[in-house]
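Kindly generate the complete structure, drawing on both the sequences and the hints.
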Amino acid sequence: MNDMTPDRNERQANLKGLGSSRKRVEDLRFTQGKGNYVDDIKLEGMLHGDFVRSPYAHARIKSINTDAAMALDGVLAVLTAKDLEPLGLHWMPTLAGDKQMVLADGKVLFQGQEVAYVVAKDRYIAADGAELVEVEYEELPVLVDPFEALKSDVVLREDLDPKADGAHGPRKHHNHIFTWEVGEKEATEQVLDSSDVVAEEMVYYHRTHPCPLETCGCVASMDKVNGKLTLYGTFQAPHAIRTVVSLISGLEEHNIRVISPDIGGGFGNKVGAYPGYVCSVVASIVTGLPVKWVEDRMENLMTTAFARDYWMKGKISATKEGKITGLWCHTTADHGGFDACADPTKFPAGFMNICTGSYDIPTAYLAVDGVYTNKAPGGVAYRCSFRVTEAAYFIERMIEVLAIELNMDAAELRRINFIKQDQFPYTSALGWEYDSGDYHTAWDKALVAVGYDDLRKEQAQRVEDFKAGKTRKLLGIGLTHFTEIVGAGPVKNCDILGLGMFDSCEIRIHPTGSAIARLGTISQGQGHATTFAQILASEIGLPADSITIEEGDTDTAPYGLGTYGSRSTPVAGAATAMAGRKIRAKAQMIAAYMLEVHDDDVEFDVDRFVVKGAPERFKTMKEIAFAAYNQAIPGIEPGLEAVSYYDPPNMTYPFGAYICVMEIDVDTGEHEIRQFYALDDCGTRINPMIIEGQVHGGLTEALAIAMGQEIAYDNMGNVKTGTLMDFFLPTAWETPNYTTDHTTTPSPHHPIGAKGVGESPNVGGVPAFSNAVHDAFRAFGLRQVHMPHDHWRIWKTANDLGLHG
Amino acid sequence: MSGKMQIKLKVNGEDHEFLAEPRELLVHALRERLNLTGSHVGCETGHCGVCTVTLNGKSVKSCTMFVAQADGAELTTVEGMGSPDNLHVLQEAFREHHGLQCGYCTPGMIMRAAKLLEEIPNPTEEQVRFGMAGNLCRCTGYQNIVKSIMAAASEMNSAKEAAQ
Numbered sequence: 001m002n003d004m005t006p007d008r009n010e011r012q013a014n015l016k017g018l019g020s021s022r023k024r025v026e027d028l029r030f031t032q033g034k035g036n037y038v039d040d041i042k043l044e045g046m047l048h049g050d051f052v053r054s055p056y057a058h059a060r061i062k063s064i065n066t067d068a069a070m071a072l073d074g075v076l077a078v079l080t081a082k083d084l085e086p087l088g089l090h091w092m093p094t095l096a097g098d099k100q101m102v103l104a105d106g107k108v109l110f111q112g113q114e115v116a117y118v119v120a121k122d123r124y125i126a127a128d129g130a131e132l133v134e135v136e137y138e139e140l141p142v143l144v145d146p147f148e149a150l151k152s153d154v155v156l157r158e159d160l161d162p163k164a165d166g167a168h169g170p171r172k173h174h175n176h177i178f179t180w181e182v183g184e185k186e187a188t189e190q191v192l193d194s195s196d197v198v199a200e201e202m203v204y205y206h207r208t209h210p211c212p213l214e215t216c217g218c219v220a221s222m223d224k225v226n227g228k229l230t231l232y233g234t235f236q237a238p239h240a241i242r243t244v245v246s247l248i249s250g251l252e253e254h255n256i257r258v259i260s261p262d263i264g265g266g267f268g269n270k271v272g273a274y275p276g277y278v279c280s281v282v283a284s285i286v287t288g289l290p291v292k293w294v295e296d297r298m299e300n301l302m303t304t305a306f307a308r309d310y311w312m313k314g315k316i317s318a319t320k321e322g323k324i325t326g327l328w329c330h331t332t333a334d335h336g337g338f339d340a341c342a343d344p345t346k347f348p349a350g351f352m353n354i355c356t357g358s359y360d361i362p363t364a365y366l367a368v369d370g371v372y373t374n375k376a377p378g379g380v381a382y383r384c385s386f387r388v389t390e391a392a393y394f395i396e397r398m399i400e401v402l403a404i405e406l407n408m409d410a411a412e413l414r415r416i417n418f419i420k421q422d423q424f425p426y427t428s429a430l431g432w433e434y435d436s437g438d439y440h441t442a443w444d445k446a447l448v449a450v451g452y453d454d455l456r457k458e459q460a461q462r463v464e465d466f467k468a469g470k471t472r473k474l475l476g477i478g479l480t481h482f483t484e485i486v487g488a489g490p491v492k493n494c495d496i497l498g499l500g501m502f503d504s505c506e507i508r509i510h511p512t513g514s515a516i517a518r519l520g521t522i523s524q525g526q527g528h529a530t531t532f533a534q535i536l537a538s539e540i541g542l543p544a545d546s547i548t549i550e551e552g553d554t555d556t557a558p559y560g561l562g563t564y565g566s567r568s569t570p571v572a573g574a575a576t577a578m579a580g581r582k583i584r585a586k587a588q589m590i591a592a593y594m595l596e597v598h599d600d601d602v603e604f605d606v607d608r609f610v611v612k613g614a615p616e617r618f619k620t621m622k623e624i625a626f627a628a629y630n631q632a633i634p635g636i637e638p639g640l641e642a643v644s645y646y647d648p649p650n651m652t653y654p655f656g657a658y659i660c661v662m663e664i665d666v667d668t669g670e671h672e673i674r675q676f677y678a679l680d681d682c683g684t685r686i687n688p689m690i691i692e693g694q695v696h697g698g699l700t701e702a703l704a705i706a707m708g709q710e711i712a713y714d715n716m717g718n719v720k721t722g723t724l725m726d727f728f729l730p731t732a733w734e735t736p737n738y739t740t741d742h743t744t745t746p747s748p749h750h751p752i753g754a755k756g757v758g759e760s761p762n763v764g765g766v767p768a769f770s771n772a773v774h775d776a777f778r779a780f781g782l783r784q785v786h787m788p789h790d791h792w793r794i795w796k797t798a799n800d801l802g803l804h805g
Numbered sequence: 001m002s003g004k005m006q007i008k009l010k011v012n013g014e015d016h017e018f019l020a021e022p023r024e025l026l027v028h029a030l031r032e033r034l035n036l037t038g039s040h041v042g043c044e045t046g047h048c049g050v051c052t053v054t055l056n057g058k059s060v061k062s063c064t065m066f067v068a069q070a071d072g073a074e075l076t077t078v079e080g081m082g083s084p085d086n087l088h089v090l091q092e093a094f095r096e097h098h099g100l101q102c103g104y105c106t107p108g109m110i111m112r113a114a115k116l117l118e119e120i121p122n123p124t125e126e127q128v129r130f131g132m133a134g135n136l137c138r139c140t141g142y143q144n145i146v147k148s149i150m151a152a153a154s155e156m157n158s159a160k161e162a163a164q
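Heads up: the protein sequence lines correspond to chains A and B, in order.
Using the working numbering, the letters of the first sequence map in sequence onto residues 1 to 805.
Using the working numbering, the letters of the second sequence map in sequence onto residues 1 to 164.
Treat each hint with caution, since some may be false.
Listed next, the in silico EDC-like pairs over lysine to aspartate or glutamate satisfying Cα-Cα at most 16 Å (straight line) [what the hints assert, rightly or not]:
(1) A:Lys23 x B:Glu32
(2) A:Lys34 x B:Glu92
(3) A:Lys34 x B:Glu32
(4) A:Lys42 x B:Glu92
Don't read these hints as lab results, they were simulated from the structure.
The structure is reproduced here in structure tokens:
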């Protein structure tokens with residue numbers, strides 16, 4: 001007779017599965033300083049690489065003299081484009097279908113561009129060597145404004161035939177990259193012409209940078225004896241990097257092993273392939289020794305993957321009662337010197353066409369023009385899905401502007417335009433099928449939680465007091481209801497470099513009832529080793545504490561497209577659940593054999609299979625695991641393993657309601673966040689503790705972006721914010737406490753109903769902070785002022801509105 | 001560059017002696033000579049604090065100090081804070097309260113927090129936020145870091161009271 005203790009609830013709790021705020025398994029090594037990041041890797045005989053970079057934003061290279069550098073004791077090699085050319089590696093393909101110089105080939109297109117690569121015995125000598133490389137430049141006219149670039153005679157990309165199509169169709173001008181159109185242009189224009197009210201505005205989302213605390217880097221190690229290359233690096237997509245390295249180096253893919261060790265934050269910065277990786281691989285092949293390259297902070301901010309830089313011209317129309325009738329958007333996208341955007345191939349402007357947001361907008365049109373300028377390449381999704389933050393900021397600003405035009409309360413305007421619960425699945429005018437949502441419930445919960453009506457009364461009183469000279473502080477109420485689109489994505493329309501955006505999980509159950517699961521993703525702080533084990537625990541009935549999760553080694557993990565765009569839970573999380581179900585299906589047959597009943601006569605119950613109607617007759621998953629390895633079961637192979645490659649049928653659409661209450665000092669431009677309420681609906685919640693942590697972190701990145709962080713250039717193309725002295729990262733002192741909340745609307749097509757959450761707070765946070773600033777000045781006539789809202793810009797806004805007397 | 005200097009350091013209770021160029025950064029000496037890779041490099045300008053260690057009883061950022069300046073000093077790094085079998089209260093508290101995500105800033109946070117709690121054993125939230133402002137984190141938004149430090153403070157104080 002089987003022992004019936006512990007009871008079902010205890011058994012459930014022991015698993016630490018879905019919904020458990022399980023403590024993180026990663027933390028033990030991190031808190032003891034025993035993480036293993038790229039710069040911690042030390043290999044026998046390892047050399048160091050460092051770049052000579054261009055001080056000019058646009059210049060022709062007249063000559064490069066490496067003699068003095070080569071003469072320095074400890075310098076082994078200096079690579080220039082000339083050395084890479086015979087290998088065909090002086091240029092490399094970008095993720096966006098363009099190509100990018102690995103080392104300057106005749107000219108440079110942005111400040112900080114890689115010109116030569118010095119390889120030396122240690123990092124100090126490499127830096128000394130870089131100082132000794134003499135480069136003669138001839139300055140060329142600089143284009144930092146995308147609108148100017150489209151009119152200028154100055155040709156930035158002389159390597160491209162201006163008449164030939166680019167990767168995304170015809171080019172209109174030699175500095176133009178692509179035009180991407182979605183929706184109905186004429187129908188939208190007609191709606192705009194015939195509607196009661198039209199609001200028009202230019203919304204600029206400035207250039208910024210993900211700036212993870214660990215910069216990008218790699219160690220390339222070519223083993224000439226075995227012909228194998230091992231490449232350690234800060235890669236958010238290790239498998240894709242392996243394929244790219246194979247394609248551009250000519251090494252066969254089975255001879256390349258890519259390892260992403262612990263990663264010190266990514267936020268999109270570590271998705272792309274950078275010249276440092278290519279040069280390190282070449283240097284290791286040439287020298288036969290391991291070569292390490294790690295950027296410093298200035299190199300990181302100036303050269304590797306920026307984010308945003310979208311000029312979004314919008315028109316939104318409505319009836320006089322406030323029902324939205326149409327949305328029009330034209331975006332001018334500044335991509336810098338090369339188009340290295342990280343987007344699925346068919347989406348040159350990412351998922352910018354989610355810009356109808358949470359609203360039922362019957363007609364819409366979006367056009368995006370990509371433009372070359374003398375700025376660094378990139379255009380990654382900084383803690384967001386591809387261009388979704390831009391889209392959310394655009395629509396949430398346009399709603400506010402429309403509310404001003406209609407003289408309506410912005411909360412009410414949102415409410416009457418939300419997609420209703422019974423409209424899901426909802427097909428948007430720009431072509432997405434939103435899987436599920438309940439926006440009204442979330443919105444009402446948020447408004448009640450902050451005491452919205454009282455806040456508005458307080459604000460009105462404050463305006464009166466301000467006008468009466470009783471206070472110099474204004475009150476802003478920043479509203480946002482965002483809808484994200486994450487989990488790229490269905491292979492039928494999502495690929496990067498031709499690789500379908502599925503993901504994968506492989507599980508091996510060990511005889512004693514523990515397990516290892518490997519995935520195609522890679523954690524950069526999200527806690528995958530903790531949460532994926534929870535998904536599995538609930539699926540296969542073994543405790544999460546008995547399941548090891550491993551990622552990031554392409555020799556052992558199944559192929560996957562990596563971690564970015566909040567895709568790990570929607571795609572790899574789904575693969576994990578599906579692989580778990582395959583394990584369970586085989587376990588069911590084993591259990592039935594052991595219990596001497598038909599397969600259909602047993603059912604899964606938490607951690608065991610039970611004979612239907614006879615709960616005292618069961619086999620635990622632990623017993624079944626052992627049986628899989630020690631019993632000869634007719635018709636069943638030994639072992640208990642499974643692999644799943646999951647191609648998601650649709651994206652997932654997390655949403656949320658954020659409200660920021662901000663005090664603004666009109667005379668100093670300083671702000672104080674009095675309250676920030678964040679309600680997230682990410683579908684099924686795997687680990688509430690981790691979700692909350694993700695929300696806190698994403699909101700703080702949003703705070704940075706909205707209130708001060710930018711990659712700014714002067715007219716000469718000099719980066720003005722290239723160190724942490726001038727690139728704003730909030731400290732504990734500036735960062736407020738956040739109140740988090742949630743509703744739960746599962747995704748109907750995801751195996752466990754989860755939608756992903758890592759990026760929601762950045763997507764929703766930026767408009768919430770920015771709308772609070774705008775809202776504070778609404779009573780004084782402000783419609784639109786560009787971010788970031790640093791103290792000086794807020795002071796200037798107040799001054800421009802005549803509030804300084 | 002020639003002209004190496006004889007450097008003596010006591011790190012986590014152990015004596016070390018080596019020759020180093022005067023320009024060598026303390027953080028590189030710790031990471032590359034002594035293999036104490038818990039102290040990280042994040043900005044090279046003293047802003048981010050991921051390289052924070054304790055030097056002669058004070059929190060210092062080891063990326064903006066030459067090892068020559070540290071000659072003769074006594075240092076503690078995160079590796080000296082606890083052992084796998086006997087974690088420091090702060091190490092426990094950061095795990096308990098989800099005070100870390102990617103882990104890159106964590107050693108510096110723990111080093112600074114330990115010193116802060118020596119300086120102010122019973123801090124207010126405001127004092128923690130001010131006292132930790134030299135250490136940046138990109139993942140957590142600080143809320144749970146503050147919570148972890150407050151919890152550690154209260155645990156350390158209770159332990160002290162119990163001992164009296």
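Now for the hints, and whether the structure bears them out:
1. A:Lys23 x B:Glu32: violated (32 Å)
2. A:Lys34 x B:Glu92: holds (15 Å)
3. A:Lys34 x B:Glu32: holds (15 Å)
4. A:Lys42 x B:Glu92: Roughly 29 Å between the alpha carbons, so the hint for lysine 42 of chain A and glutamate 92 of chain B is violated.
Going down the numbered hints, you'll see the structure goes against 1 and 4, while the others check out.
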